[in-house]
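Visitor: Single-letter residue listing:
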Amino acid sequence: MDLGLQGKVAIVSGGSKGIGRAIATMLAGEGASVMIAARSREPLDEARAALQEIAPGRIAAVAADMTDPAGVAAVVAATRATFGPVSIAVSNVIGHVIDSKKEGDGPGAGNFASMPSPEYRREFQHLFVSAWALAHECIPDMKAQGWGRICNIGSGVAREPATELPHVLPNVVRPAVAGMYRIMAARLAGDGITVNNILTGSILTERNLSYWTWLASQTGSTFEEVTATFHSRIPVRRQGDPREMASLVTFLCSQQACHITGQSIPVDGGSNRHL
Amino acid sequence: MDLGLAGRSALLVGPDDEVAGACRRLLTAEGARLATSVDDDVVDIVIAHGVTRHGSQVLAVESAEGWHTAWNDVVAALDVFGRALPGMRSRGWGRFVWVGTAGSRALDAELPGQLDEVGAVTSLAMRAAQKVIAAEGGAEGVVANSVLRGGAATADEVAAAVAYFCSQWCGYITGASVDVTGGVGSGMF
Numbered sequence: 130m131d132l133g134l135q136g137k138v139a140i141v142s143g144g145s146k147g148i149g150r151a152i153a154t155m156l157a158g159e160g161a162s163v164m165i166a167a168r169s170r171e172p173l174d175e176a177r178a179a180l181q182e183i184a185p186g187r188i189a190a191v192a193a194d195m196t197d198p199a200g201v202a203a204v205v206a207a208t209r210a211t212f213g214p215v216s217i218a219v220s221n222v223i224g225h226v227i228d229s230k231k232e233g234d235g236p237g238a239g240n241f242a243s244m245p246s247p248e249y250r251r252e253f254q255h256l257f258v259s260a261w262a263l264a265h266e267c268i269p270d271m272k273a274q275g276w277g278r279i280c281n282i283g284s285g286v287a288r289e290p291a292t293e294l295p296h297v298l299p300n301v302v303r304p305a306v307a308g309m310y311r312i313m314a315a316r317l318a319g320d321g322i323t324v325n326n327i328l329t330g331s332i333l334t335e336r337n338l339s340y341w342t343w344l345a346s347q348t349g350s351t352f353e354e355v356t357a358t359f360h361s362r363i364p365v366r367r368q369g370d371p372r373e374m375a376s377l378v379t380f381l382c383s384q385q386a387c388h389i390t391g392q393s394i395p396v397d398g399g400s401n402r403h404l
Numbered sequence: 559m560d561l562g563l564a565g566r567s568a569l570l571v572g573p574d575d576e577v578a579g580a581c582r583r584l585l586t587a588e589g590a591r592l593a594t595s596v597d598d599d600v601v602d603i604v605i606a607h608g609v610t611r612h613g614s615q616v617l618a619v620e621s622a623e624g625w626h627t628a629w630n631d632v633v634a635a636l637d638v639f640g641r642a643l644p645g646m647r648s649r650g651w652g653r654f655v656w657v658g659t660a661g662s663r664a665l666d667a668e669l670p671g672q673l674d675e676v677g678a679v680t681s682l683a684m685r686a687a688q689k690v691i692a693a694e695g696g697a698e699g700v701v702a703n704s705v706l707r708g709g710a711a712t713a714d715e716v717a718a719a720v721a722y723f724c725s726q727w728c729g730y731i732t733g734a735s736v737d738v739t740g741g742v743g744s745g746m747f
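Protein chains in written order, with the working numbering: chain H, 130 to 404; chain D, 559 to 747.
I should point out that these hints are in silico values taken from the structure, not numbers from a laboratory.
For every residue, glycine included, the Cβ atom is placed at its ideal position computed from N, Cα and C.
Heads up, some of the hints might be wrong.
Stretch-level coverage of chain D by chain H, calculated; a stretch enters the list once three of its residues show a Cβ under 8 Å from a Cβ in chain H [stated by the list, open to error]:
(1) 607 to 617
(2) 624 to 632
(3) 654 to 666
(4) 689 to 699
Chain D extracted, bound-state conformation:
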């Protein structure tokens, strides 16, 4: 399947971890180039993810500063999304992908310490932001979706879903969240 990414430029936001690496490898293999700055470069695709805090617990956050540190992931992503949006609109094509945690769908399905509870909270906010962006950008070819990582999903499996959501074929799927979890989780929504 030709994802239609040849010549598209993609920017990654967030920590330089294995998911970022897998996304970079796959997108460049599909012909996309990597942008370095949202302000100095044409950006067709923005992929954002936050810091993974395995085992983080809501009840263990002791200060407002602790919450703001986690929330910085959301502010950083939305800052770049907001700067990229006008150019995408004027060119009539754009893709935003948030890579979050499947814990944001089944918030309390696991025991304390098994879930990134703080990441689940911030992922919920980003999934909602994607719906808003989907509504505001849809008429001009800008779509916004979320990939939710869970179970034992590998970085390459996550990147494959990300690449699909960046592709030319993903024009009518917008505001959606898809689980990459190997079937872990039993919730209907």
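Extracted from the complex, chain H is given alone in its bound form:
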């Protein structure tokens, strides 16, 4: 299926690894020019080199903190300078930190009873402000073209809080992102811009493996016990492949998906039971 993405200009935050990289790869494969942004230089350079193989001349990378509106503005400016006006913006920023050695400083994991209230402010900056800032910077380009695709890699907790996990921060902030997107979608529908949110389930990424390892250490279980317990709760009995996530995002960015907007769509193997 030709998705009509030839010549489109896309930005993917968190584009060097995992889900973001799978999205960047698939958008590039459909003919888009892709700017990937992430904090760490080394994985970013590695990802750019790998993506250049499939899309010579259509890949760029900028190291930036996408939770900071100034970082977002710099990436958008660099994208315009390299490829032209932005037509696709995929926001993919992690929230609370599992392994601070790998992920740097950030809000922590925990339940409500243990969470200091300032952490809600930090998580809001990570998850909400990052998604808002990327959309906010790109909307003028999209309005000028009469075409745009905005997509956020959210989480299933936006619809159903994961109260059995130490996830109070995303439990509280993710629904706010979904709501902000829903309103944005309604207000931008007349401009040919769609705004959608992905309710991510358990996707097999490097970060996800760190998460299971961390959770095992917290609960005194083995890695195998923890993953077996969680997999048994997923109707399809396995984790998702990042490409299964990326394929939905790529479809939502397509010409064909022009009438799908304001949606929060799960990619979770059937985990979310909410109607």
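Here the structure of chain H is known, so what remains is to put chain D in place on it, guided by the hints.
Guide: Relative to chain H, chain D alone:
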């Protein structure tokens, strides 16, 4: 109906507006007393609400600071909720009520400028927080619910729903949101 509020102490968080006033009047009429501080006082009930920004628009927010100002309502409420929770748990009884906007249920049902869009966003976060608190506090008699104001609801009508959610009868309803909207809004959920 005896709401069982005699001797219970209630704390209000948020602006001192007509909703706060109506809640204070009704709760004290039902025999509750008003607490002044979550740290220096026994607190059985916390009622929180944010600043109402009639006609606020998501696309009109121009800076991260603008969002953080609105988000302060959430942080302030959760800060007090978190401080009140240990005492409620140890006493085996507690009530948290968030008074938000029904716009958080039908996010795009109205035209720009008719909805408090920013309030809808923060209300969603608080409704989710209430579900988390419901899960964490349920075993120890702590329940957490939301009252969503919309349509032409008066402050007294909102306060009546708040008082019910604070009552002795509201022990099995938790993590819920109820609309006080006069039937405005057509969404199923």
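Visitor: Just pull the numbers of the violated hints for me, sorted ascending.
Guide: No hint contradicted; all consistent.
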